[in-house]
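Construct the entire structure; sequences and hints are all you get.
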Amino acid sequence: MVGLIYTLRSTPSIYDAGWLPYRIASYVVGKPLWWALQQLSIVGADDFSGHGGDTERWKKVRGDYVVLSLLERAGDGVLQKQQSKTGVSLSEELYDFDGFKREFAGDALDGVVLSELDVKVLLKYLERDKKAIVVQDEVIKFVQPNQSREITAVDIGVLELKIAVEDLEASVSKIQQQIDDRSEKISAALRQKRKEVALSHLRTKKQFEDLLKKRLTSLETLHSTLLRVEASAGDVEIMKSYESSAATLRAILAHPLLQRDRIDETMDAMASANADARDIDEAIRIGTDVAQAETGIDDAELEAELNALVKDVEGERAKEQEERALQERQEQLDGLTVPEHVARSPERADPSKVVA
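All residue numbers for the sequence shown refer to the numbering used here, where the first residue is 13 and numbers rise by one.
These are computed hints drawn from the structure, not numbers from a lab. Any given hint might turn out to be false.
What the hints assert, rightly or not - Quick list of in silico lysine to aspartate or glutamate cross-link-like pairs, EDC-like style, CA-CA up to 16 Å:
1. Lys93 - Asp119
2. Lys218 - Asp192
3. Lys217 - Glu242
4. Lys132 - Asp76
5. Lys186 - Asp222
6. Lys143 - Asp88
7. Lys226 - Glu181
8. Lys218 - Glu196
9. Lys132 - Glu104
10. Lys97 - Glu84
11. Lys136 - Asp149
12. Lys136 - Glu84
13. Lys217 - Glu196
14. Lys143 - Glu162
15. Lys136 - Asp88
16. Lys93 - Asp76
17. Lys97 - Glu196
18. Lys93 - Asp122
19. Lys113 - Glu128
20. Lys132 - Asp110
21. Lys97 - Asp122
22. Lys93 - Glu104
23. Lys132 - Glu150
24. Lys217 - Asp193
25. Lys136 - Glu104
26. Lys132 - Glu84
27. Lys113 - Asp130
28. Lys142 - Glu84
29. Lys113 - Glu178
Bear in mind the structure is a predicted one, so any value in this text is a computation, not a measurement.
Written out as structure tokens, the structure reads:
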């Protein structure tokens with residue numbers, strides 16, 4: 013926990029290590045725990061300006077406190093919701109206090125609606141400790157880490173247009189409710205056969221319908237204006253990016269290595285190096301040919317001997333294949349057998365012994 017007054021008014025972050033004793037002391041729920049902190053040397057007798065007793069110290073730490081863990085969760089919840097809107101339009105990054113409260117008070121923590129004081133504490137935390145927003149008077153702007161922490165006249169103008177659009181949308185909704193209400197009253201009066209009352213409600217309904225048309229026309233105009241302003245602001249950012257990119261490219265092209273004379277010199281040196289490499293390769297090849305010639309070995313003789321070896325190998329392979337084929341045929345012949353009833357049948361009668 014952190015003291016409420018310190019959270020709202022302090023300039024240093026609540027994560028400043030120099031305030032660690034005070035943060036630990038913020039967990040005090042009774043004087044015995046404060047005494048225990050003294051015994052552990054977490055706080056000293058002179059902490060919080062004074063040599064007073066326990067009663068004086070207790071007076072200095074009692075009051076309202078902020079639960080840091082809940083504050084951090086609420087901050088994460090706001091940033092997570094806002095992250096889905098970032099980059100859509102400039103107006104989505106801008107709020108006044110009431111708009112911020114309407115947008116995030118019910119979503120920062122599950123099942124909790126933040127009070128006005130809670131929202132003030134949350135805004136201070138997001139601005140000072142998380143560096144996620146910039147606050148100037150009634151203008152609240154979400155910023156990215158690499159974005160300027162400045163609220164410009166364009167930001168203020170866009171926020172004013174956004175608020176005007178939201179107010180008109182709320183007005184249109186209320187007028188529509190009035191029209192629906194008058195329609196119900198007209199039906200009720202007609203059922204009761206109160207024609208004069210129904211006629212009065214009808215006149216009022218027509219007036220509301222005329223007003224609704226005017227408000228819708230104004231709302232459409234404001235919407236178009238807001239879109240044009242946001243588009244123009246986006247164009248400015250795009251041109252800034254183009255300008256920055258052009259400056260970066262010029263700076264790169266201005267590097268000494270990319271100057272025309274330096275490039276020609278480098279390419280000439282590379283061509284010379286490649287020529288030297290080719291000369292070296294050619295010299296090595298010639299030297300190899302000379303060395304082989306000095307050994308007295310004739311390439312044609314080597315090739316003839318190699319062909320003879322190849323024929324010998326092929327002959328042996330053919331012989332092995334022939335022997336394998338003969339062996340397979342022999343095995344097939346050995347597998348053939350004479351049927352037993354044929355082998356035991358009586359010899360055929362001699363035709364010469366047959367009596368006519």
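Structure-based check of all given hints:
1. Lys93 - Asp119: Status holds; Cα separation ~8 Å.
2. Lys218 - Asp192: Roughly 12 Å separates the two Cα atoms, so the pair holds.
3. Lys217 - Glu242: violated (37 Å)
4. Lys132 - Asp76: holds (14 Å)
5. Lys186 - Asp222: holds (14 Å)
6. Lys143 - Asp88: Between Lys143 and Asp88 the Cα gap is close to 13 Å, so the pair holds against 16 Å.
7. Lys226 - Glu181: holds (12 Å)
8. Lys218 - Glu196: The hint holds at about 14 Å.
9. Lys132 - Glu104: This hinted pair is violated, its Cα atoms lying about 20 Å apart.
10. Lys97 - Glu84: The hint is violated at about 21 Å.
11. Lys136 - Asp149: Status holds; Cα separation ~13 Å.
12. Lys136 - Glu84: holds (12 Å)
13. Lys217 - Glu196: holds (11 Å)
14. Lys143 - Glu162: holds (12 Å)
15. Lys136 - Asp88: The given pair, whose Cα atoms are some 14 Å apart, holds under the 16 Å limit.
16. Lys93 - Asp76: Not satisfied, since the Cα-Cα distance of roughly 28 Å exceeds 16 Å.
17. Lys97 - Glu196: violated (39 Å)
18. Lys93 - Asp122: holds (13 Å)
19. Lys113 - Glu128: Between Lys113 and Glu128 the Cα gap is close to 8 Å, so the pair holds against 16 Å.
20. Lys132 - Asp110: Cα-Cα ~11 Å, so holds.
21. Lys97 - Asp122: violated (20 Å)
22. Lys93 - Glu104: holds (11 Å)
23. Lys132 - Glu150: holds (12 Å)
24. Lys217 - Asp193: holds (9 Å)
25. Lys136 - Glu104: Not OK: Lys136 and Glu104 at ~20 Å, beyond 16 Å, violated.
26. Lys132 - Glu84: holds (14 Å)
27. Lys113 - Asp130: Cα-Cα ~10 Å, so holds.
28. Lys142 - Glu84: holds (10 Å)
29. Lys113 - Glu178: Answer holds: Lys113 to Glu178 is near 14 Å, not above 16 Å.
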